[in-house]
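*Asks:* Sequence:
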Amino acid sequence: MTKKFNILLSDRNHNIREFLRRELVKEGYRVDEAKDAWEILKLVLAEKPPDLLILDPELPYVRGLGIFEKLELRKPSLPVVIHTFDIEEAKSLPLKFTVAIVEKKGNNIDRIKSVIADLLRKS
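Residue numbers for the sequence shown follow this note's numbering, so the first one is 329 and each next one is one higher.
Don't read these hints as lab results, they were simulated from the structure. One thing to keep in mind: the hints can contain errors.
Below are the BS3-like pairs computed for lysine-lysine, each with C-alpha atoms no more than 27 Å apart in a straight line [unchecked claim]:
no.: 1; residue 1: 332; residue 2: 450
no.: 2; residue 1: 354; residue 2: 376
no.: 3; residue 1: 450; residue 2: 331
no.: 4; residue 1: 433; residue 2: 450
no.: 5; residue 1: 331; residue 2: 403
no.: 6; residue 1: 332; residue 2: 376
no.: 7; residue 1: 332; residue 2: 370
no.: 8; residue 1: 354; residue 2: 331
no.: 9; residue 1: 450; residue 2: 403
no.: 10; residue 1: 398; residue 2: 419
no.: 11; residue 1: 370; residue 2: 441
no.: 12; residue 1: 398; residue 2: 441
no.: 13; residue 1: 419; residue 2: 363
no.: 14; residue 1: 354; residue 2: 433
no.: 15; residue 1: 441; residue 2: 332
no.: 16; residue 1: 354; residue 2: 370
no.: 17; residue 1: 354; residue 2: 432
no.: 18; residue 1: 363; residue 2: 403
no.: 19; residue 1: 450; residue 2: 432
no.: 20; residue 1: 432; residue 2: 398
no.: 21; residue 1: 403; residue 2: 432
no.: 22; residue 1: 419; residue 2: 403
no.: 23; residue 1: 441; residue 2: 363
no.: 24; residue 1: 441; residue 2: 331
no.: 25; residue 1: 398; residue 2: 363
no.: 26; residue 1: 450; residue 2: 419
Between beta-carbon pairs, the in silico distance windows are [said to hold, decoys possible]:
no.: 27; residue 1: 375; residue 2: 434; range: 36 to 46 Å
no.: 28; residue 1: 354; residue 2: 420; range: 14 to 24 Å
no.: 29; residue 1: 401; residue 2: 438; range: 28 to 38 Å
no.: 30; residue 1: 398; residue 2: 435; range: 12 to 22 Å
no.: 31; residue 1: 401; residue 2: 375; range: 15 to 25 Å
no.: 32; residue 1: 364; residue 2: 400; range: 10 to 20 Å
no.: 33; residue 1: 350; residue 2: 401; range: 25 to 35 Å
no.: 34; residue 1: 388; residue 2: 331; range: 27 to 37 Å
Built from N, CA and C at the ideal position, the CB exists for glycine as well.
Based on the provided sequences and hints, a complete structural model is requested.
*Replies:* Printed below as a string of structure tokens:
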């Protein structure tokens, strides 16, 4: 990896955030964490915005598709990985930006790492 990519990791569960952060740092990524929608927006609008967002769509302070609409207005080119237990609901989201969906189940760390690498390579 020539460029050190910055990933914004958001999940309502601290343990999942910590596990993913640790695994992604091992891969050479810089990782910021957000525990709710307000923190996501603050970091997306920061001086050095993330190159990719991992998003749990069931975050606090999110109503329906609110976070997606706000992200689309502020940073429409931001690649997003939806990390969720409910794959079917995630597939029905009317998203207009680059997105991948990874189910939260078992040990899917290799899957999420692969999806992240593919999205960053394309961006």
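*Asks:* The structure should be examined with respect to each hint, and the outcome stated for every one.
*Replies:* Hint-by-hint comparison with the structure:
{"no.": "1", "hint": "332 / 450", "verdict": "holds, 15 Å"}
{"no.": "2", "hint": "354 / 376", "verdict": "holds, 21 Å"}
{"no.": "3", "hint": "450 / 331", "verdict": "holds, 13 Å"}
{"no.": "4", "hint": "433 / 450", "verdict": "holds, 26 Å"}
{"no.": "5", "hint": "331 / 403", "verdict": "holds, 20 Å"}
{"no.": "6", "hint": "332 / 376", "verdict": "holds, 13 Å"}
{"no.": "7", "hint": "332 / 370", "verdict": "holds, 21 Å"}
{"no.": "8", "hint": "354 / 331", "verdict": "holds, 15 Å"}
{"no.": "9", "hint": "450 / 403", "verdict": "holds, 16 Å"}
{"no.": "10", "hint": "398 / 419", "verdict": "holds, 19 Å"}
{"no.": "11", "hint": "370 / 441", "verdict": "holds, 25 Å"}
{"no.": "12", "hint": "398 / 441", "verdict": "holds, 26 Å"}
{"no.": "13", "hint": "419 / 363", "verdict": "holds, 23 Å"}
{"no.": "14", "hint": "354 / 433", "verdict": "holds, 21 Å"}
{"no.": "15", "hint": "441 / 332", "verdict": "holds, 15 Å"}
{"no.": "16", "hint": "354 / 370", "verdict": "holds, 25 Å"}
{"no.": "17", "hint": "354 / 432", "verdict": "holds, 20 Å"}
{"no.": "18", "hint": "363 / 403", "verdict": "holds, 19 Å"}
{"no.": "19", "hint": "450 / 432", "verdict": "holds, 24 Å"}
{"no.": "20", "hint": "432 / 398", "verdict": "holds, 24 Å"}
{"no.": "21", "hint": "403 / 432", "verdict": "holds, 25 Å"}
{"no.": "22", "hint": "419 / 403", "verdict": "holds, 21 Å"}
{"no.": "23", "hint": "441 / 363", "verdict": "holds, 20 Å"}
{"no.": "24", "hint": "441 / 331", "verdict": "holds, 16 Å"}
{"no.": "25", "hint": "398 / 363", "verdict": "holds, 17 Å"}
{"no.": "26", "hint": "450 / 419", "verdict": "holds, 21 Å"}
{"no.": "27", "hint": "375 / 434: 36 to 46 Å", "verdict": "holds, 38 Å"}
{"no.": "28", "hint": "354 / 420: 14 to 24 Å", "verdict": "violated, 33 Å"}
{"no.": "29", "hint": "401 / 438: 28 to 38 Å", "verdict": "holds, 34 Å"}
{"no.": "30", "hint": "398 / 435: 12 to 22 Å", "verdict": "violated, 32 Å"}
{"no.": "31", "hint": "401 / 375: 15 to 25 Å", "verdict": "holds, 19 Å"}
{"no.": "32", "hint": "364 / 400: 10 to 20 Å", "verdict": "holds, 19 Å"}
{"no.": "33", "hint": "350 / 401: 25 to 35 Å", "verdict": "holds, 32 Å"}
{"no.": "34", "hint": "388 / 331: 27 to 37 Å", "verdict": "holds, 32 Å"}
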